[in-house]
Structure formats: structure tokens, C-alpha cells
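Chemist: Okay, here's what each chain looks like letter by letter:
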Amino acid sequence: MAIDKTKGLQTREARELGTTTEATRPGLLLTPPVDIFEDRNAITVLADMPGVRPGHLKIDLHEGVLTITGHADAPDGPNEVAVLEEYRAGTYQRTFTLSEAIDQSQIQATLRHGVLRLRLPKAEQAKPRQIKIQTD
Amino acid sequence: MIVRQLNPWSPGWNAEGNALAQMRRDMETLMKRLTGVTADGSVAGVFPPMNVSEDLDHYYVRALIPGIDASQLNVSVVNQTIAVAGTRQAPEEEGVSYHRKERAEGPFSRSVTLPASFDGARVDATYVDGVLTLTLPKPETAKPRRVTVQTS
Chain A
12 MAIDKTKGLQ TREARELGTT TEATRPGLLL TPPVDIFEDR NAITVLADMP
62 GVRPGHLKID LHEGVLTITG HADAPDGPNE VAVLEEYRAG TYQRTFTLSE
112 AIDQSQIQAT LRHGVLRLRL PKAEQAKPRQ IKIQTD
Chain B
917 MIVRQLNPWS PGWNAEGNAL AQMRRDMETL MKRLTGVTAD GSVAGVFPPM
967 NVSEDLDHYY VRALIPGIDA SQLNVSVVNQ TIAVAGTRQA PEEEGVSYHR
1017 KERAEGPFSR SVTLPASFDG ARVDATYVDG VLTLTLPKPE TAKPRRVTVQ
1067 TS
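Respectively, the protein sequence lines represent chains A and B.
So the number in the numbering used here is just where the residue sits in the first sequence, counting from 1, plus 11.
So the number in the numbering used here is just where the residue sits in the second sequence, counting from 1, plus 916.
Please note that a few of the clues may not be correct.
Claimed, not checked - Computed from the model, here is a short list of chain A residues facing chain B with C-beta under 8 Å:
| hint | residue |
| --- | --- |
| 1 | 49 |
| 2 | 52 |
| 3 | 57 |
| 4 | 62 |
| 5 | 64 |
| 6 | 84 |
| 7 | 94 |
| 8 | 96 |
| 9 | 120 |
| 10 | 124 |
| 11 | 144 |
Unchecked claim - Ranges between beta-carbon positions, derived for each pair:
| hint | chain 1 | residue 1 | chain 2 | residue 2 | range |
| --- | --- | --- | --- | --- | --- |
| 12 | A | 121 | B | 1038 | 44 to 54 Å |
| 13 | B | 1059 | A | 120 | 40 to 50 Å |
| 14 | A | 96 | B | 946 | 30 to 40 Å |
| 15 | A | 121 | B | 987 | 12 to 22 Å |
| 16 | B | 1016 | A | 93 | 31 to 41 Å |
| 17 | A | 93 | B | 946 | 23 to 33 Å |
| 18 | B | 991 | A | 143 | 52 to 62 Å |
| 19 | A | 69 | B | 1056 | 41 to 51 Å |
| 20 | A | 88 | B | 993 | 17 to 27 Å |
| 21 | A | 99 | B | 1044 | 11 to 21 Å |
| 22 | A | 73 | B | 1006 | 28 to 38 Å |
| 23 | B | 990 | A | 66 | 23 to 33 Å |
| 24 | B | 1056 | A | 117 | 30 to 40 Å |
Since the hints were derived computationally from the structure, they do not count as laboratory data.
Source: prediction; values computed, not measured.
Ideal Cβ positions, reconstructed from N, Cα and C, are used throughout, including at glycine.
So here's chain A without its partners, still in its complex pose:
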């Protein structure tokens, strides 16, 4: 049987998420671009969240839905006036659905230089296994 590689992790359309949070939280909701790749033991998510300090990052796992939320404060001083504005600070948010094939207790997250690296280890039974054939 072929294994569906995307089974372990699926992105939910972030704009869909916007409908539920927009009304409850002021400020801009941003969709961070992500890389998702998979190796034998884990699925890794990289997300660009520039301006988010480690203390302002929240990773929430609830009923198989993983939500990453990072808030970036506008660093402007009190008397600063914008001359050119190409981006705005806001809250980065993205949601993924996890299958049960992820060992949810072993998830690791690091935030470095504005990039979140999330490692989602596969559960034992989801790893590919080589079956040895014994001959007499």
C-alpha cells in the first residue's frame, strides 16, 4: 500500500482561520510562509515570523489541531513618524491538523532569528519499517 505522505500534517487555509479570530483580537492577522518537510523520523515545519520574540510565541495543540501564534510588536519609538511603510506588525497565525501518527508529547520548537522550527516526531507505529525475511 502506498503511504500518503501528506497524511501526517495538513495545513488549514489560514485565511479561513482569520474569520474566527479577526473579530476577537485587534490588530492585523498575518499568514507566515512555511516550509514543511518530512524525513524518516519526523515532520518539520519552518515558519517565518520576523519580529516575534520567543516569549510572544504560543504553540497550542488541541484535539489534533496545532496552532502557532506569534505576536510581533511594532518597535517604533514614541515620536516616530512613518516615511515609508511596506509592512505592518501584527500577529502571525497558522493552523495545521495533525494525524495521530505524530508523537504529540515529543514536539520540539525553537525560534531563532525570527524563524520558528517545529519538529513533529512520528509515532513509532507510523515509521517505515523494514521487515526481514528469514531464510532457512
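Following the hints, complete the assembly by docking chain B onto the known chain A.
Modeler: For chain B alone, kept in the frame of chain A given last:
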């Protein structure tokens, strides 16, 4: 059907949520595709996005460049122009298969010209949490000076 083609990740017509919000999102997507300007005002396709602001004593240039080595950043100053260049490298991952690759990589360069001159010798650059911040002191002549009005 056109809207669905424009937005391949659209959850489709039967998605939960109210229809009006869905329509607004579709319109925003359409606007973004047509004009390159997103709903939050950022310009698509330009890397890194930069903000410039000023107060009485300084100009501040901030650029969102997540995930690069500060030593790989080249910042240069010519007259009133600040240039930022570098290369964003994808991490070397052995034996992996990608499901999504949305993060931009490769060489980039950007320059901004400020509306007035600044002291190029005293430019201060920091790179924190993926944000490059340049602080450019204004020369004395460019600072606003308080003029006292005398009455006879």
C-alpha cells in the same frame, strides 16, 4: 469557478463560516493578484519588506529578513541611499521530502533613498529576531531648530 482557480487552496464553496467573510477574502485575494498589493498594504514580491520612519534626531530603516546569519548581511551607504544585500539560504536537509516550500530563498538586494542626508559614518545596525534595524543619525543641519519669537 474563476475564484476557485485563482485561489487553489480555497476550501471551496461549502466551507464553514459566513458567506460574506468568504466573499471578502476572495475579493482581497483577487485584488492581491491584480495589483500586487495585499490587504494589509504590503507589496507582494519585494524582499525584504522595509519600513522607514523618522523622529527628531534619527531615521530608522527596518527590514524583515528572517532566518539569516548577521554576518551574511551587507549594508552599504552611498549618499542618501542605504543598500541591503545578502543571501537567504535554505537549510541543508538530508533525505527529506518537501510538502510545502513557501519561504523565499536566494540572493536579494534592496535599496532605499532617504528624503534627506544622514551621517553615514555613524549608522548603527542591529539584527534581532529576524528584523534588521538601521539607526541613522540626522546631521545637525537637518534637525529642526527652535526659533524663539521675540516681542518688542
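Chemist: Each hint needs a verdict: does it hold in this structure or not?
Modeler: Results of checking the hints against the structure:
1. 49: 6 Å, holds
2. 52: 10 Å, violated
3. 57: Since the shortest Cβ distance to chain B is 6 Å, the answer is holds.
4. 62: 5 Å, holds
5. 64: 6 Å, holds
6. 84: 10 Å, violated
7. 94: 4 Å, holds
8. 96: 5 Å, holds
9. 120: 15 Å, violated
10. 124: 5 Å, holds
11. 144: 24 Å, violated
12. 121(A) - 1038(B): 44 to 54 Å: 35 Å, violated
13. 1059(B) - 120(A): 40 to 50 Å: At roughly 45 Å between Cβ atoms, residue 120(A) and residue 1059(B) fall inside 40 to 50 Å, so the hint holds.
14. 96(A) - 946(B): 30 to 40 Å: 23 Å, violated
15. 121(A) - 987(B): 12 to 22 Å: 20 Å, holds
16. 1016(B) - 93(A): 31 to 41 Å: At 33 Å between Cβs, range holds.
17. 93(A) - 946(B): 23 to 33 Å: 27 Å, holds
18. 991(B) - 143(A): 52 to 62 Å: 57 Å, holds
19. 69(A) - 1056(B): 41 to 51 Å: Since residue 69(A) and residue 1056(B) have Cβ atoms about 46 Å apart, the given range 41 to 51 Å holds.
20. 88(A) - 993(B): 17 to 27 Å: 22 Å, holds
21. 99(A) - 1044(B): 11 to 21 Å: 18 Å, holds
22. 73(A) - 1006(B): 28 to 38 Å: 31 Å, holds
23. 990(B) - 66(A): 23 to 33 Å: Holds - the Cβ-Cβ distance for residue 990(B) and residue 66(A), about 31 Å, lies within 23 to 33 Å.
24. 1056(B) - 117(A): 30 to 40 Å: Hint violated: Cβ distance 59 Å, outside 30 to 40 Å.
Hints 2, 6, 9, 11, 12, 14, 24, counting from the list given before, are not met by this structure.
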